[in-house]
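Which chain is which? The protein sequence lines are A and B, in order. Per the numbering used here, the first sequence runs over residues 1 to 114. Per the numbering used here, the second sequence runs over residues 1 to 108.
Worth flagging that the hints you see were computed from the coordinates, not collected in a lab. We put the CB at the ideal spot given by N, CA and C, even for glycine. Please note: incorrect hints may appear among the correct ones.
[As the list claims (entries may be wrong)] For the chain B half of the interface with chain A, some residues (derived, Cβ under 7 Å), not all of them:
| id | residue |
| --- | --- |
| 1 | Gly41 |
| 2 | Gly42 |
| 3 | Ile43 |
| 4 | Ser45 |
| 5 | Phe98 |
| 6 | Thr100 |
[Stated by the list, open to error] FRET-style restraints, in silico, Cβ to Cβ:
| id | chain 1 | residue 1 | chain 2 | residue 2 | range |
| --- | --- | --- | --- | --- | --- |
| 7 | A | Arg85 | B | Asn2 | 16 to 26 Å |
| 8 | A | Met15 | B | Pro108 | 40 to 50 Å |
| 9 | A | Lys68 | B | Asn64 | 38 to 48 Å |
| 10 | A | Gln80 | B | His73 | 43 to 53 Å |
| 11 | A | Asn51 | B | Pro108 | 44 to 54 Å |
| 12 | B | Val27 | A | Arg110 | 22 to 32 Å |
| 13 | B | Thr20 | A | Glu83 | 36 to 46 Å |
| 14 | B | Ser51 | A | Leu96 | 12 to 22 Å |
| 15 | A | Ser27 | B | Glu15 | 38 to 48 Å |
| 16 | A | Thr38 | B | Asn92 | 20 to 30 Å |
| 17 | A | Glu14 | B | Asn10 | 31 to 41 Å |
| 18 | A | Arg22 | B | Ser30 | 27 to 37 Å |
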Amino acid sequence: DAGVIQSPRHEVTEMGQEVTLRCKPISGHNSLFWYRQTMMRGLELLIYFNNNVPIDDSGMPEDRFSAKMPNASFSTLKIQPSEPRDSAVYFCASSLQRSGVGYTFGSGTRLTVV
Amino acid sequence: KNEVEQSPQNLTAQEGEFITINCSYSVGISALHWLQQHPGGGIVSLFMLSSGKKKHGRLIATINIQEKHSSLHITASHPRDSAVYICAVVYNTDKLIFGTGTRLQVFP
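Only chain B is shown next, with the shape it has when bound in the complex (with noise of 0.2 Å):
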């Protein structure tokens, strides 16, 4: 069993749907990533939480440190936001552990 895993793997959506997106894990963690990787390869970090919520622009991270579960919300989404979605832990110090990423498709 990963000890990240992330569901759904594969989501299409028509532009303008709400997304969710789910990652769970089983270790104990200090802080956990929400990284965005597009066709081409490019990594960036979304968000770094490690309580409660955070929000930027159409994107919403939350995270449940007692159920460890996080979600990732995309409100009002848009084709550019296809991409794959990783969510990563930060495990004993700065050690990440990945999920195997959800693989977003947004159609117009």
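Looking at chain A on its own, in the form it has when it is part of the complex (with noise of 0.2 Å):
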């Protein structure tokens, strides 16, 4: 398995443009995360799923951030209209059923909004 897929890797925009962040998690996984790292706050969990459904999405900054997961092998996390504020490493994460077994991070998407 390639392991969980984000894409892009960087991403440079411009503040008020949209921004689209996508997720391949692992096959046969079914709960897959967003978090995003900056310096100030670490590591923070935006919003999960489980079987394609949203479980929690406490950690989503605002209404500019939308997250959805049409099936089980892609996600996607919307950011509408971009803030430089946004700038920070997103990362996508996968793990088998609700036991953390497997637990694996994509690459993260370096964003960048000027």
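Take the two lone chains, each set in its own frame, and fit them into one complex as the hints suggest.
Structure follows, in structure tokens:
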């Protein structure tokens, strides 16, 4: 398995633009997580899905952020409109069931909003 | 007060030294992860523990659920062990709460 695949690896965009981050979890994993990492706040959970259903989105900072998981092999995190304070590394991770077994992170997307 | 606290925040060592990183938490958990993040940013899950001890190569992780404490040990440290080590507790089904990390530098 290629692991958790995120795209793009780097994204530079202008303030106000829409940004879409993509994630393909490991096949067979049915929990998927979106995290954000900044120097100031470290790693924070934004949202997680179990069996494609959002379970906890309390970490989503505001309405500008939305996440979808239309099927078991794909998820998106969208920011619209983007702001400079959204600049961070966004990680996707997946695991098996709710056991945390096989917890695997993607390589992350480094987002810079100018 | 953070729910997950790590110590030390920064650690330097000479190659070959035995290293211990500590993690204390204040919430009830179902499991705990030790994560490693190298310069360049990739995050790898080293261990997931819910009790006792696990060993993988030169790495050993222990957890004491009653005392809400875990330790990560590195024996015979090597410069390639230089990374940030993050403790993360599994809280409320799958939700992870992260410590602030321990930055380890091992010099030859």
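Exercise. Hints broken by the structure, by number, lowest first?
Worked result: none
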